[in-house]
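**Student:** Spelled out, the chains give:
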Amino acid sequence: MRLRLAALLAAVLGIFILLPSASASAETTPTPSPSAGGAAPQQNPIVEGANITVTLKDLNEGKGEPKPIPGVTLTVLKDSKTGEELGSQVTDQSGRVSIGIPGNGTYVVELDPKTLPSGVKLSGAGATTKTVQVKLASSNFVTFPVGARVIEKASKASEIVDGTRDGLKTGLLIALAALGLSLIFGTTGLTNFAHGELITLGAILTYIFNRGVGLPVIFAGVLAVLASALFGYLQDRGLWRPLRRRGTGLIAMMIVSIGLALLMRSIFQYGFGGSTRTLSEYVTQPRNSYGPIDLSNKEIAIFAVSIIAITVTCVALMRTRLGKAMRAVSDNPALSASSGMRVDGVISSVWILGTALTGLAGVLLAVQQQVNFNMGFNLLLLVFAGVTLGGLGTIWGALVGSLIIGLMVELGPVFGVPASIKEVGALVVLILILLVRPQGILGKAQRIG
Amino acid sequence: MAAEISEARAALAGVSSEPGASKPDPIVTGSNITRTFGGLKAVDVDKIEIQRGVITALIGPNGAGKTTLFNLLTGFDEPDAGDWSFNGKALAKVPAYKVARLGMVRTFQLTKVLSKLTVIENMRLGATGQRGEKFFSAAFKSLWRSQEDANTARADDLLQRFKLDEKREDFAGSLSGGQRKLLEMARALMVDPELIMLDEPMAGVNPALKQSLLGHVKSLRDEGRTVLFVEHDMDMVRDISDWVIVMAQGQIVAEGTPQSVMADQRVIDAYLGAHHDTDITNIDLAELEQEAEAELAAESNEETPS
Amino acid sequence: MDFGTIIDAAFSAAFGPQAIVFALAAIGLNVHFGYTGLLNFGQAGFMSVAAFGLAVTVVTWDLPFWLGLIVGMFAAIVLALVLGVPTLRLRADYLAIVTIASAEILRLCFGAVEFKDTFGGSNGLTGFVRPYQKLNPYNDGLTLGVVSFSRSDLWSITVGWTLVAICCLIVWALMRSPWGRVLKSIREDEDAVRSLGKNVFAYKMQALVLGGVFGGIAGIFHILKQGSSVPTDFNTTFTFYAYAALLIGGAARVLGPVVGSMIFWFLIAGIGSFFSEATKGADPVIPNWIMQPDQASLIRLILLGLGLMLLMIFRPQGIFGDRREIAIDGR
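Residue numbers (my numbering), protein chains in the order written: chain B, -16 to 432; chain S, 2 to 307; chain D, 473 to 803.
One or more of the hints may lead you astray.
What the hints assert, rightly or not - Computed footprint of chain B on chain D; a stretch qualifies when at least three of its residues, placed anywhere within it, have a C-beta under 8 Å from a C-beta of chain B:
#1 567 to 574
#2 593 to 600
#3 710 to 721
#4 773 to 780
#5 784 to 790
These are computed hints drawn from the structure, not numbers from a lab.
Predicted, not measured: the structure shown is a model, and the values here were computed from it.
Cβ coordinates follow ideal geometry from the N, Cα and C atoms, glycine included.
Build out the structure end to end from the sequences listed, making use of the hints.
**Tutor:** Following this line, the structure appears as C-alpha cells:
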C-alpha cells in the first residue's frame, strides 16, 4: 500500500547569478548564519551576487492559491550531499530562503523534512535533495517542483511504478522525435544531426506563441506543430532537395546537418537567451492517483496526445496511398521513380510529417518541463539511441527502441544507476544490444554483395 | 599445358548430365547449401562440384541464386546450412579474406574497382603477403621497397597483357565499364588464384571489347587456372565454357557440356524460353542488351542501403 | 574598436595551445574518417579516457607522472579495442552512434557526483601538472608585435607543435605505404579489399587504435596545457568542432587537420573578438538593440555552423583536398 500524500508541495527554486558590479564586489556577501530551525524569520532578503533562492509553497492539491511554508530548514552544499556546507536558512513568511554561493558549479539543496509543518508532506518521486547546476553568469530564474520524498520511504514497487510511468512518458516523447528521424532517414538516407534542433524549434515556437503572442498553451502548441511542419517543408525545398539534385553524398549531407544544428542552436540561443523559461499554464500540477499510478492532468494529456499521434502515423503509413508511397520510396527510390512515383513529392511529405511529429515532441516537452535553447540537443542522443536500438529506418523499430530507451533512463535509478547519470544506463544497454543484434531489435539483416 | 586442358575436358566427357554430377577432379565440392532471405529460398543446392582446370559457366534466369551462391562459396555471405570445400579444405565459417588467400578469388557483378586510386595502385593492392601492409613495418620504406618494386613489375606485366598499360596512372574511376572489368580481372590475378570466379564479366561491356575479354578468360584456363563464371551472354557461354551448370529458383536443374545443356528440355523450360530454337546470334542484340541493362539497374538499386 | 586586440586574439589562437589540441584530435579523425572512412563521433571520448587516465593515476592514486602518461595512452587503446570489436563489422552509421554514445557515457561518468572521489566531480581533477611545468625551460613570455604568449603558453606551444609534427610524420610515413593504400581502399569499398585477401576488420581496428591514440595525445596535451582535467571539456560539440577543423583543411591530407585547426581558431577567435569589441563600451559600433555583449560570442558559432554547411556543399575537399580522392561522396 502506498502512503497517500496529505499535501503536495512545490518549491520554486530560483537561481540568481549576478555579476557583481565594481561597487557591489566590495561588499561582502552576507551569509546567513545557520539556524536551528523552528522560528521563521520575517523576511529573508535575496542575497546580492550569486545565490540560490528557494520558495516553498504548498500547492494544497491544486485547490486555491498556493500557500507559502515558513519555518523549513534548507541547506546548500557544494557538489554533493557530503560536500562543503555553504549556508543554511529557514524559510521566511513568504516561504523563501536565499543563500549565497561562490559562483558557477554544482550545488545540492537539501531540505530537512523534520522541519516541515505537520500535515505537509513532500510529493513526487524525488528526494529531499535537489542538485543544481549553476552555469550561466546571466541572471536567470528557474522554476521547478522540488520532488521530495514521502517521509515513509517509498516501496520498491511504487518506485518501479513511478519509474515506469516516467519512462513511458519519456519514451513516448523520444518516440515522436524518433519516428520523425526514422522517416527522414528511411526515405532520404540522411542521418540528421539537426534533428534535436527541430525538437527545440517546436518548444520555442510554443513559447513564442504562448508568451509572446499571448495564446493559450494548447493553441500555441497546435500552431507550433503547424509551423514546424512548414519549416520541414521549407528545409527540404531550400536545402536538402537541391543537395540531392547536386548528387551530394550522404556523409557530406550528414556534416551539412551538423553545421545546420550548430547554426540553429546558436540562433536559438541568440534570440532566446541561455535561460530556461516556462510557459504560462500547466507549469506545476498536482498528481492524482489512479489505482497505483499517480498522474497529473498534463501527464495524461501528454500520454494521450503522443499515443494518438503515433498511432495515427503508423496506421496512415500502413493504410494510405501516401504511406505506401513513403515506404516504397524508402525501400527503393530509383524503382519508385521509374514506376511513376513523384519521389520528390513523397520526400517533401516525409519532411512535413517528420518535422511535425518532432515539433510535437518539442511542444509536449515544453509543457512537461520548460523551454531551453539546447533541450533538443540534449535529447538527440537518446533519440538516435532509440532509432538505432529498434533498427535503423524501421518505423516500428523506432517506436519500440524509443520506449525501451525511455524506460531504461527512468528505471535505471531504481536499479542502482546513479540518478545524476541516468542516461548512461540506456546508452550502455544500446551498445550491449548492438553487440548481440547489430541490426537492431526489429531491423532486417542486410544482404551483402 | 594444352595437353592437361584437353585431359580435363576429356575427363568431363564421361560425366553424366544430371544436376550435381560428380566430377573426376573437383576443385570445389559443396553439399546441402541453403540460404533464405525472409521466406524466399534463394539458394538450395544439394550437391555441386566444379572440375579443376576448365571453364565452368553458371547460368540461369534472374533470381536463380547465382550471385548468392557466389557470395556463399567465397565467404561474403553465410548460408543457413551446408558444407563446401576448396581443394579439400572445408570453408564453412571461413571469412572472405581467408577464402581469397587460399586461392579462390572472385570479381563482382557491379565492378568494384577503387575509383579513387590509380590503376597501378589498384593492381598493387591485389598482391598478397606484402610486408608494407603490416602496421609496424609500414612506416619504414626500406623494409618494403624491394617487394613493392617486384609487385609493381608484376602488375605492369598484367596491365600490358590486359592492354591497360596506357591507363597506368589514371584514376580507376575514369575507366570505361569494360576497362573496369579488365582491371578487376587483372587485379584478381595479382592474388595468383587457383580458382577465379567471375560474376557477369560481360555485363556492360561494349561488343568491341567482348572478344578480347573472351580471349583473356580463355587465357586464364590456358595458364592452368580454374574459371567459374556467371553469365547471361549465351554466345560467351557457348564459345568458351567447357561445362555449364544451370540454376533456377535456387536449385541446380541441369549440367552438361554447352551443346547438351542448350538442347536439354529442362533448361529450355527454366531459362531459354522462347529464344531457344533461334540461333542466339540472330536475336536482336539491342533488345538483349536493353534487358541486361534493366536487370543491372534493378540489381544495383537493390544494393543501395535503404 | 581596437584592432590590435582582434589581431592578437586571432593569431595567438591560431598558433596557441587550443589550436594544437584541435590539430592533434583532428589528425586522429583524419586517420579514422579521412583515410579509412570510419565515422568516429566520439573523439572526445578518446581524449577524456587518456586525460583522466593521467589525472587519476597522478592525483587519485598518487603514482608517478610518467606512469600516468602510460595509463592514459593505454586507456585510449583499450577504448578503441572495446568500441571496435562490436562495431567495425557493422555499417558505418553504427560506429558513429556507438562512439558518440560512449563519449557521452564517459563524460557523464567522469562528471558524476557519485564518482567524485575518483574523478573529482564536475570540477574535475587538478594537481598533476607540476612535472610538466617543471620542465619549462623558458624564463619569460614572448611578444611578437601585437601577438603575445605567456611563459607557460610558450612551453605548451613548443611541446604541442613538436607533438603535432611527430604525429604528422607518422601519418605521412604510414599513408604512403601499402598499409595506407589498404586503408584508402577500405574507405572506398571494403568488399573489394576483402575479395583480395585482406583482413579488413584488422586494418580498421589498427586505424581506429592509431587515431584513438592521437586523440589520447590530444586529451593529455589539453589537460597539461590548462592544468586541470574537466569532464565538460570533452563533450560531443568538441568532436564536431574537430571535424569542422579537419574538413576546413581537407580530409585525407597529412597537413589538412593542422592547417584546418589553425584556420578554425584564427576565425573563431578573430570573429569572437571582433564582435566583442564591436559591442563593447557605452557607445558600441553595433548598437545594443541589435546585439548585446553576451550575444556577441554567439555570432562566431552561427557563422561556424553556416560556414560548415557551405564548405560541405561547395568545397567538400577543404582547402588542400583533392576532390577526386576523398571519402565525402561515399555512402
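**Student:** Please go over all the hints and tell whether each is borne out by the structure.
**Tutor:** For each hint, the structure was consulted:
1. 567 to 574: As far as the segment 567 to 574 of chain D goes, the hint holds, because 6 residues have Cβ atoms under 8 Å from chain B.
2. 593 to 600: Contact hint for the segment 593 to 600 of chain D vs chain B: holds, 3 residues under 8 Å.
3. 710 to 721: holds (count 4)
4. 773 to 780: It holds: at least three residues are needed, and the segment 773 to 780 of chain D offers 7 whose Cβ sits within less than 8 Å of chain B.
5. 784 to 790: Per the Cβ count (3), the hint holds.
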